[in-house]
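Using the sequences and the hints, build the whole thing.
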Amino acid sequence: MHGFMENVASAEVYEIEVTPEHHRVRADKVLHALLPQFSRSRIQKFLEDGRCWRDNEALLKSDKLRTGDAVIVEVPATVAAELRPVPMNLDVLFEDEHMLALNKPANLVVHPGAGTGENTLVHGLLHHCQGKLSGIGGVERPGIVHRLDKDTTGVMVIAKSDAAFTGLANAFAERTLHKEYLALVNGVPQLLCGSIKDPIGRHSGNRLKMAVITRGRDAHSDWYRQEVFGKRCALLRVVIHTGRTHQIRVHLSHNKHVILGDVLYGFHPHTPLEESITRPLLHSSKLVLNHPVTGEPMELIAPLPADFTSILETLRRESVA
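Our numbering applies: residue 24 is where the sequence shown begins, and numbers increase by one.
Take the hints with a grain of salt, since some may be wrong.
Here are the simulated BS3-like cross-link-like pairs (lysine-lysine), alpha carbons at most 27 Å apart as the crow flies [what the hints assert, rightly or not]:
1. Lys220 to Lys173
2. Lys232 to Lys220
3. Lys220 to Lys254
4. Lys87 to Lys232
5. Lys87 to Lys52
6. Lys155 to Lys173
7. Lys279 to Lys173
8. Lys52 to Lys84
For the record, the hints were derived by calculation from the structure and aren't laboratory data.
Computed from a prediction, not measured in an experiment: that's the story for all the values here.
Printed below as a string of structure tokens:
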């Protein structure tokens with residue numbers, strides 16, 4: 024099974040950019056070439072455990088990398104220690120023996136890391152899935168195949184078996200899923216819908232940010248106006264065809280419609296209502312996919328969280344006043 028079990032407080036994180044000589048080469052071969060301090064078998068273990076990421080999606084060893092791909096490799100601490108399952112009130116949307124889907128709340132980090140303590144989604148999944156996870160060497164490990172930002176809410180899928188991990192990772196890599204988000208943005212787009220295809224890469228002056236850059240990776244977001252609140256702001260439905268880090272946040276802010284609460288990408292509150300917003304109002308509302316083992320079509324829908332709903336209700340009242 025795949026996922027984090029080691030105590031990763033002292034884990035090392037490597038950020039790698041794929042060079043032209045490794046274009047269209049398998050991930051395990053590229054990472055072994057660019058991280059020669061690790062054996063080929065250890066690189067493959069990192070990949071099997073879901074520790075290698077391109078954007079926000081786990082890599083498989085057979086995935087082909089491309090020039091300019093930004094890959095993150097999370098190397099666990101040398102001393103392994105099993106994480107403690109922590110009781111957590113998870114909003115489960117679907118669950119069977121192979122996979123679980125949940126409505127992720129805000130202010131929840133997915134993976135353990137430096138400074139996260141035991142308040143991560145992995146800790147909560149270990150408690151929720153006790154006795155229901157397969158594993159390597161008898162150790163239970165939830166399989167995280169994609170991530171949402173700490174303060175982004177909504178649909179996440181988690182593998183409970185090896186077959187589900189491989190199936191889900193392939194679905195994300197091959198873009199066979201349909202992913203929809205709701206975003207409350209500053210200002211109102213003139214058009215009813217639009218498509219943004221600006222390439223995205225690491226921001227040159229701030230390593231925490233991504234940006235639209237000429238030599239970035241292809242990124243494609245379609246947006247649709249769902250609701251308008253005067254000239255003040257709008258609720259957009261966003262369908263993403265790629266999964267770049269911070270893709271929706273970057274695309275919308277680049278098009279002068281920053282997400283309310285998204286301070287990192289330029290949000291500045293001007294009213295008491297806006298000052299009450301404590302996070303980017305971005306929600307993963309729908310995920311449509313085929314079950315990774317049975318192939319059955321699935322439509323997973325996550326209701327909006329209370330803070331997002333409350334802001335919308337206030338805007339609606341103020342718009343008709």
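Against the structure, the hints:
1. Lys220 to Lys173: Judged against 27 Å, a Cα distance of about 25 Å means the pair holds.
2. Lys232 to Lys220: With Cα atoms ~18 Å apart, lysine 232 and lysine 220 stay inside 27 Å; holds.
3. Lys220 to Lys254: holds (25 Å)
4. Lys87 to Lys232: holds (25 Å)
5. Lys87 to Lys52: holds (10 Å)
6. Lys155 to Lys173: Distance of about 26 Å is within 27 Å: holds.
7. Lys279 to Lys173: holds (23 Å)
8. Lys52 to Lys84: At roughly 8 Å apart (the allowed maximum being 27 Å), lysine 84 and lysine 52 satisfy the hint.
Of the numbered hints stated above, none is contradicted by the structure.
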